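Dock chain B against the given chain A, drawing on the hints supplied.
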Amino acid sequence: MSTTNGTGHIEKKRLDNPPKSIKIKIQRRANEKAEPRWETFEIPYRRNLNVISALMEIRKNPVTIEGKQTTPPVWDMSCLEQVCGICTMVINGRVRQSCSALIDDLLIATGGDTVTLEPMSKFPNVRDLKVDRSRMFDHLKQVHAWIELDGTYDLGPGPHISNETAQERYAYSRCMTCGCCLEACPQYHEDNYIGPQAIAQARLYNMHPTGRISMEDRLNGLLGDDGITNCGNAQNCVQVCPMSIPLTRAIYETNRDVTLNALFGWLRK
Amino acid sequence: MASNNLKIAIVGGGLAGLAAAMKIAEAGHDVDLISVVPVKRSHSVCAQGGINGAVNTKGEGDSPAKHLDDTVYGGDFLANQTPVKQMCDMAPSIIYLFDRMGVPFSRTQEGLLDFRRFGGTLHHRTAFAGASTGQQLLYALDDQVRKWEAAGKVNKYEGWEMLSLVLDDHQVCRGLIAMNLQTLELKAFKADAVIMATGGPGLIFGKSTNSMTCTGSAVSACYQQGARYANGEFIQVHPTSIPGEDKLRLMSESARGEGGRVWVPRDPADARSPKEIPDAERWYFLEEKYPAYGNLVPRDIATREIFQVCLEGHGVGGKNQVYLDLTHIPAETLTRKLGAILEIYEMFVGDDPRYVPMRIFPGVHYSMGGLWVDFEQRTNIPGLFAAGECDYSIHGANRLGANSLVSCVYGGFTAAPSAIEYAKNVERGTTETNGLYDDEVKRQQEINDQIVRNEGSENQYKIHEEMGKWMTDNVTVVRYNDRLQQTDAKLLELIDRFQRISINDSNLWATQAVPHARQLWNMLQLARVITLGALNRNESRGAHYKPDFPDRNDDEWLKTTIAEYAEEAPVFSYEPVDISIIEPRKRDYSKGKAKAAQVPQPGSELKQTGREETWEKQGRVREGESFKELDDAKQ
Chain A
1 MSTTNGTGHI
11 EKKRLDNPPK
21 SIKIKIQRRA
31 NEKAEPRWET
41 FEIPYRRNLN
51 VISALMEIRK
61 NPVTIEGKQT
71 TPPVWDMSCL
81 EQVCGICTMV
91 INGRVRQSCS
101 ALIDDLLIAT
111 GGDTVTLEPM
121 SKFPNVRDLK
131 VDRSRMFDHL
141 KQVHAWIELD
151 GTYDLGPGPH
161 ISNETAQERY
171 AYSRCMTCGC
181 CLEACPQYHE
191 DNYIGPQAIA
201 QARLYNMHPT
211 GRISMEDRLN
221 GLLGDDGITN
231 CGNAQNCVQV
241 CPMSIPLTRA
251 IYETNRDVTL
261 NALFGWLRK
Chain B
270 MASNNLKIAI
280 VGGGLAGLAA
290 AMKIAEAGHD
300 VDLISVVPVK
310 RSHSVCAQGG
320 INGAVNTKGE
330 GDSPAKHLDD
340 TVYGGDFLAN
350 QTPVKQMCDM
360 APSIIYLFDR
370 MGVPFSRTQE
380 GLLDFRRFGG
390 TLHHRTAFAG
400 ASTGQQLLYA
410 LDDQVRKWEA
420 AGKVNKYEGW
430 EMLSLVLDDH
440 QVCRGLIAMN
450 LQTLELKAFK
460 ADAVIMATGG
470 PGLIFGKSTN
480 SMTCTGSAVS
490 ACYQQGARYA
500 NGEFIQVHPT
510 SIPGEDKLRL
520 MSESARGEGG
530 RVWVPRDPAD
540 ARSPKEIPDA
550 ERWYFLEEKY
560 PAYGNLVPRD
570 IATREIFQVC
580 LEGHGVGGKN
590 QVYLDLTHIP
600 AETLTRKLGA
610 ILEIYEMFVG
620 DDPRYVPMRI
630 FPGVHYSMGG
640 LWVDFEQRTN
650 IPGLFAAGEC
660 DYSIHGANRL
670 GANSLVSCVY
680 GGFTAAPSAI
690 EYAKNVERGT
700 TETNGLYDDE
710 VKRQQEINDQ
720 IVRNEGSENQ
730 YKIHEEMGKW
740 MTDNVTVVRY
750 NDRLQQTDAK
760 LLELIDRFQR
770 ISINDSNLWA
780 TQAVPHARQL
790 WNMLQLARVI
800 TLGALNRNES
810 RGAHYKPDFP
820 DRNDDEWLKT
830 TIAEYAEEAP
840 VFSYEPVDIS
850 IIEPRKRDYS
860 KGKAKAAQVP
870 QPGSELKQTG
880 REETWEKQGR
890 VREGESFKEL
900 DDAKQ
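Listed in order, the protein sequences are those of chains A and B.
Going left to right, the first sequence walks through residues 1 to 269 as my numbering numbers them.
Going left to right, the second sequence walks through residues 270 to 904 as my numbering numbers them.
Worth flagging that the hints you see were computed from the coordinates, not collected in a lab.
Here the structure is a predicted model, which is why all the values come from computation and not from measurement.
We put the beta carbon where it would ideally sit given N, CA and C, even for glycine.
There may be inaccurate statements among the hints.
Unchecked claim - Chain B stretches covered by chain A per the calculated footprint, using a threshold of three residues with CB under 8 angstroms from any CB of chain A:
1) 306-317
2) 416-422
3) 509-518
4) 531-541
Here chain A stands alone, though its shape is the one from the complex:
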């Protein structure tokens, strides 16, 4: 959370009167079939805490605010730099990475002293805040999100590409498969729509001069009911994407390619 002053100099807004302690309210599940329940923990406030360091503090000695000894909360984490995508959860009602969710910012936004954590709801729960997102990787198979190489031996450099195209592709290539776009999408459920993530990856490879050669394979993967058709244009995906990927543009351009291919693709045969 930042404010811009007249010089374009961006300074961080800081919590003026921080509380002595903060409460972390966590939705718990013992396993995927268990009913969710809530537990609240209290930890001392420190500056520069993020949600991960709060959870680490709780894990060391898992006692609820009522003084009840409980099991340590389970969550996924790895890079802690918002490039691996694994620590995604729903924080104060919004899906995002927990490593980059700073406690100060969350408290400023709510004006309270409590941070609420829930697992993502669009994926099978494993335990507590941990979910199974393997279907996102299956989506990538469905759209053939790769380049067909002749082989990995030395064949010299790839095709010339303008820096503009490289940068446009770079934006899509930053997708870390975190699932924010799917969690926020009103259309995405199990099999009725593949969702923005995989469409953007199809677009990434369709834009490459070599990738374009096998574009039809990718577009075919998007034809069925579980493909691109059911995008409802709610545009929630671009709102929540932590990498600011132009997802709606990928959907628009890929949809256009799907239509053109359906209309005129037979001419190439």
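Frame of chain A; chain B shown alone:
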């Protein structure tokens, strides 16, 4: 027994593991890929700056020979030169392959690959994709391996952690045991060969720039089963990291590569905001001491200088921090070239580095040491191979920026054919294997059961914190023998206290307490290797610096440290370094690098250090121009 359809298990799905998987699948063999996280989330994503390869597209006369010289010189001559040469020769083709796989590298106006400068070289040799090159390279490989997965050649076991190797009674590796991190089920993976590609052990230091998966646990398990661990004491502390509560976040060297300047106020008491301090009152200490390389001195030197400046009370505000300043560069340029890494700083600190100088301090970053491998990535255990950060082979006493990505891919590309070759030709004889796997599963299950049964008063996370603090305070930038001894005593205390931990989790489904306990035990064992290796080495070389022994001592210490596990303490021995191509010379970055005394010549005689007779020979002996397995020689 020769076979056409081999099964090779790869542990770790970062750049090295995926590179190997792709090559093995392409050769028509089957891969079991075991990874604690979905492979696309491996630590390789954190590499920011770029990948080195001497393509010489900038008309600077760069060449693989110069890349070799920079790497060997930067590594303070501790690296075996033959594999470094192989890597530097392969590097341009690695970059071109990634280009063909669709990595969105930055481009020139002609549409060719663009290259930037990095630390420890005077050439534009580093290809980059924005400021998230590791992420981009990993994703390209992940996509290629997914194609092989869809074709049924690669089976991924994501969310599985390796616990041990399966060794037959000839100490030959026949596979491994891994644990499902949801169910805690143990499974034996039979394999014709195993490739370790598990990355570094940064979590031994508590907070580091590494991902939370970088425990070194699986490598430590190999070490405890007889694999040699080499040069463990060489730990790179990155000069520029952003101190945080949960970890140290890397500020890439590319910030300096693009012109970032490191400074502190000349007057330590100067409390003005950095923008108000005029140039004359700023101390650009790297530029002053190293006019030729300036802010782009190699990492070990930059780290020590920053550390020293703060130690002497010159840190900003008297704290452990210096400025890394980019504000003299147009904001638009910074956004284009460094956008991703500047976002990281802004995200976690709040200030915008395009307008406010960053505050940074050194952080543990990379292990040059790792599993001992020969020049074909073979460990001393037949059937076990290693590639990437978890092997020791390329970087000597210090790694140059943007050499890690290329060494990972080189390692994977070399380990794969090497493992295939081994698996095709190995004579299995009549060794009975059926009981082997069951026995090892049982042994590992008993360890898990013991951890679950324990009801002591010790807290494993607190033990981890203590280990991290001791290791960071005493076994990083500056090392003293008495403190290293105290650290080993502390590690022994922690190992003892570990026996009395209670896991504090009554729910074993997807528990993180049991895996963490297994990792912690393995980290403690590896921490001893690092600490005692540092204690023994009475010289300063690359990242290893002892004020009491401030100089490099080639007469006594131009040799590779090798640790082997024993219950009491690691057993150390040493072997000669391959200096067959470039004669060691003094490393001095205060002026332009001295010209290599000897230019690499194809087929040049291997130069011996001439001291191996006094060292316990380990693993290989010289025979003419090539190293040969000692095991072979014995037979």
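Here's how the hints hold up against the structure:
1. Coverage of the region 306-317 of chain B by chain A holds in this model, with 8 residues showing a Cβ closer than 8 angstroms to a Cβ of that chain against a need of three.
2. By the rule of at least three residues with a Cβ nearer than 8 angstroms to a Cβ of chain A, the coverage given for the region 416-422 of chain B holds, with 3 such residues.
3. Under the rule that three or more residues need a Cβ within less than 8 angstroms of chain A, the assignment of the region 509-518 of chain B holds, with 5 such residues.
4. For the region 531-541 of chain B, the assignment as covered by chain A is violated, since 0 residues bring a beta-carbon within under 8 angstroms of that chain's beta-carbons and 3 are needed.
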